[in-house]
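Put chains B and C on the given structure of chain A with help from the hints.
These protein sequence lines are chains A, B and C, in that order. Per our numbering, residue 1 is the first one in the first sequence, and the count goes up by one each step. Per our numbering, residue 1 is the first one in the second sequence, and the count goes up by one each step. Per our numbering, residue 1 is the first one in the third sequence, and the count goes up by one each step.
No wet-lab data here; the hints were simulated from the structure.
In silico contact screen, one side only, chain C against chain A (beta carbon under 10 Å); selected entries:
{"id": "1", "residue": "LEU64"}
{"id": "2", "residue": "ARG66"}
{"id": "3", "residue": "PRO124"}
{"id": "4", "residue": "PRO127"}
{"id": "5", "residue": "PRO149"}
{"id": "6", "residue": "ASP169"}
{"id": "7", "residue": "GLY194"}
{"id": "8", "residue": "LEU196"}
Quick reminder that beta carbons are idealized off the backbone N, C-alpha and C, glycines included.
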Amino acid sequence: MELLTLFFIVLIAAGLGLLVQWLPRRHQPMPPYSQRAPFLGGGLPETHAWSRYHVRYYPMTLLLIAFEMEMMFMYPWAVVFVEQGMKAVMEMGMFLAILSVGIVYGWREGVFKWQ
Amino acid sequence: MIVNELILPVILVTVVLVVGAYLVAVIDEAIAGALGLPRAANAWMAPLARGAWLLTQQANATEAPDWRAWRLAPALYLALAAIGLAVVPFSPTLIPTDLVTGVVLWGSIEALATVVIFLHGWSANTLLSLIGAYRYVALGLSYILISMFVLIGVALPAESLQFSQVVASQAELWNVIRQPLGLPLFLIVGLGVTFWGPLNLADSRDLAGGTASAISGPPRLVWNLARSAMLVAFSGAAASAFLGGWLGPWLPGPVWMLLKMLAVLAVLLLIGRLVPRVQPERCVTLMWVVLLPLSFVDLIWAGVEALW
Amino acid sequence: MAVSRLSRLAARARVPVFPALGMHGEPALHRLALTAGIELVDSPRHASLLLVAGGVPPDRHAALRRVHDQLPAPFATLWYRSEPLIELAGATRVDELDALPEALTTLHRELMQGQRGSSPRLLPDEPPNPWEGLGDDGHGGEGMMGGVPYGRPMVMNMTDDLRDGLTLDSLTVTLGPFLPMLPPGLSAEVTLQGDLVYAWTTQDAPYPTALGSVFFRALQEPVPIAELERARARHHLKRLHVALRLAGLERLALQALRLAFEPRVEQERVTKLRRRLGRSGFFRLTTTGQGRLEQGQARRVGGVAARAAGLEEDLRGRDAAYRRLGFTPILQDGGDTGARWRQTLAEIDQSLQLAHQAEREGAHTEVIGSVETPCGPWGEHRSEDASRLLDELLPGLEWDEALSTLASLDLAAVSEWPQETLQGSTEASGNGAESCEERRA
Chain A
1 MELLTLFFIV
11 LIAAGLGLLV
21 QWLPRRHQPM
31 PPYSQRAPFL
41 GGGLPETHAW
51 SRYHVRYYPM
61 TLLLIAFEME
71 MMFMYPWAVV
81 FVEQGMKAVM
91 EMGMFLAILS
101 VGIVYGWREG
111 VFKWQ
Chain B
1 MIVNELILPV
11 ILVTVVLVVG
21 AYLVAVIDEA
31 IAGALGLPRA
41 ANAWMAPLAR
51 GAWLLTQQAN
61 ATEAPDWRAW
71 RLAPALYLAL
81 AAIGLAVVPF
91 SPTLIPTDLV
101 TGVVLWGSIE
111 ALATVVIFLH
121 GWSANTLLSL
131 IGAYRYVALG
141 LSYILISMFV
151 LIGVALPAES
161 LQFSQVVASQ
171 AELWNVIRQP
181 LGLPLFLIVG
191 LGVTFWGPLN
201 LADSRDLAGG
211 TASAISGPPR
221 LVWNLARSAM
231 LVAFSGAAAS
241 AFLGGWLGPW
251 LPGPVWMLLK
261 MLAVLAVLLL
271 IGRLVPRVQP
281 ERCVTLMWVV
291 LLPLSFVDLI
301 WAGVEALW
Chain C
1 MAVSRLSRLA
11 ARARVPVFPA
21 LGMHGEPALH
31 RLALTAGIEL
41 VDSPRHASLL
51 LVAGGVPPDR
61 HAALRRVHDQ
71 LPAPFATLWY
81 RSEPLIELAG
91 ATRVDELDAL
101 PEALTTLHRE
111 LMQGQRGSSP
121 RLLPDEPPNP
131 WEGLGDDGHG
141 GEGMMGGVPY
151 GRPMVMNMTD
161 DLRDGLTLDS
171 LTVTLGPFLP
181 MLPPGLSAEV
191 TLQGDLVYAW
201 TTQDAPYPTA
211 LGSVFFRALQ
221 EPVPIAELER
231 ARARHHLKRL
241 HVALRLAGLE
251 RLALQALRLA
261 FEPRVEQERV
271 TKLRRRLGRS
281 GFFRLTTTGQ
291 GRLEQGQARR
301 VGGVAARAAG
311 LEEDLRGRDA
321 AYRRLGFTPI
331 LQDGGDTGAR
341 WRQTLAEIDQ
351 SLQLAHQAER
361 EGAHTEVIGS
371 VETPCGPWGE
381 HRSEDASRLL
391 DELLPGLEWD
401 EALSTLASLD
411 LAAVSEWPQE
421 TLQGSTEASG
431 NGAESCEERR
441 A
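Chain A on its own, in the form it takes in the complex (with noise of 0.2 Å):
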């Protein structure tokens, strides 16, 4: 039952969002090229923006998804986490040193900068 609330409340909160921008708009024409053109501050693009973009922090990404799959530890031992007492903390710890570690070693590699 909380799941199909939340379902209609998605529903309805996006339907919202795109009946706002949908209705006032339902009769106006599509604005002119001159319109459309991208806004360089009078300047001119020569190709379209889409492109192999050099995204400039993807080591940074991959420091993350070592984070990610850790994470999904991490919920399940919150709940048996006071069942568990000292254990856990130590257990815990000694994932959070390990990869605190991680982050040093990348810090000192220079991956959360722009490469």
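This is chains B and C only, laid out in the frame that chain A set:
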């Protein structure tokens, strides 16, 4: 049953989001006025007049946008804000959807927000919005871990991933005191997920509005509304995770909740006005090297404190 | 009915103005930044009014037409001390600074209430290139190469990257001369790899800066040091305003601008601004150690940029009157964006202190024939345009770094006309900019 479990939650979420987004604009206007910026004649009317202007303005197009993605992105961002608010409890009984995995859901909202914001910038097919989109991904991938560690920190004493349990676990002491690092870190996450103020890397002035630089009229209205709504949803999550949600003497629970949400909003909007935009590269380094280790400390602290 | 109520409400909104700057149009910007009810926006898509402030040289008219057409309907134009384009001969023109906010508000209201039609489009409604629907997906070429899908070619230029050598696409665009983040008038052909500037070729130099008439008088006669130094502080505060606005510090930007317009700035208020700026994190979060000028480059730019790079170049040091006031040039050694702003703030402070002291002692300048302007030394020559420097300075910088570097440099040439002549009395028929332009031509 249908009324209580379906219609009431939907109405509650919609009303809080829309009224909240309006209040965000009013509070921001009031803060700007108090800080000495030129004041609008009437702070209560200004957001409405602006909305009316955006509705009458023509919706812009670019030469070859990805139409579907371009129009969907603002609506989806609004939907994400609605989901975020739906799991926030207003009182022990007044909860739009009391999911047992509310905390996990919040984590996924933040991840999906990155996708939606990227899509918004990318689909316009113009240079400045494209840069804004890719820049936001760097920010989105950096704050998401901080958010998760901090939220798991509040789940530990509650022994549950349910927001109503998290609030109930704060009956003796609010998490803002019990886990002092939590709220400041979470507020930074809030600025990130709405790309507000210092973390406005996506729609910044140096990109002439970034992902929003090519939109006008109704789509821009929805985009701005969604951003404010996300801020409202976030303030709901922050208030229940750290400020004890509905807990408080004298006043009824929902009133406490709303007051706390307003307080969080005011703090966020004030930070937005006082701190300069962070340079993207510096932002990523700061998040990973300073704030993420701090969120580890917060988690260990929360764990030790929960066992005490 | 509902529609008319909506437009009545819309007429009450804060007036969104996109400014396209012509020569010496900054006073309009400054006035509007301090006016409640007017919002200066960064993208024409966010505006209902196009304000052209100052005379636009004819070689930038094509770009102006493009920007004009990029405003979504309904929109109108307003020309401040500027001759409207031929097609828009009937457009509103205002020459009086004080009348400007009111004129904009009225224009917006009339536009919203339908009493005035939208400005006509100036350029033909056709795609940049005819789209040839060839190929499997109608992209117009053979295989992946060539063709102009939707009117423009796709990127296909493989150049090795500056930093990591990955071969990916680079985008080439022309920026400016009406991009609000660039110095007014500057346009450049820029190639970007991701958000990194790969190549920067300055095409149009920024418009020359108009200095206060006191700097012109100082070349011919002794002038009160107090007046000279106050004018200097004012110039720097206005530049600070631009940079702080770009950095998202609207509030401090306006404080700087307000100080710039005060007849007698108190030093404590500048100190306060400096302290607030330091506390806001501007130097730690926004300015990074980028945009570093080599000694030779710093000398070419002159003025603050030179002293921020550790060059002891200040004509004031040669003036005995200044030496008697205890003047020694302030120097920094970084030479980067942060150093330039620290230097600027320190110099504003120093100027006000000198002004204060000089006023008490009634000190006048003693050297004639040369003067240290806020933009650099003016001895035999006025300081000249140094925007070509960007071609070597900006490649390799990330977009945000490049723009904050740009904002910290004062590269424009000094105009041969003092500010007062260009903007002062209306008897000059507000045509200062144009007449100056004609003279130049």
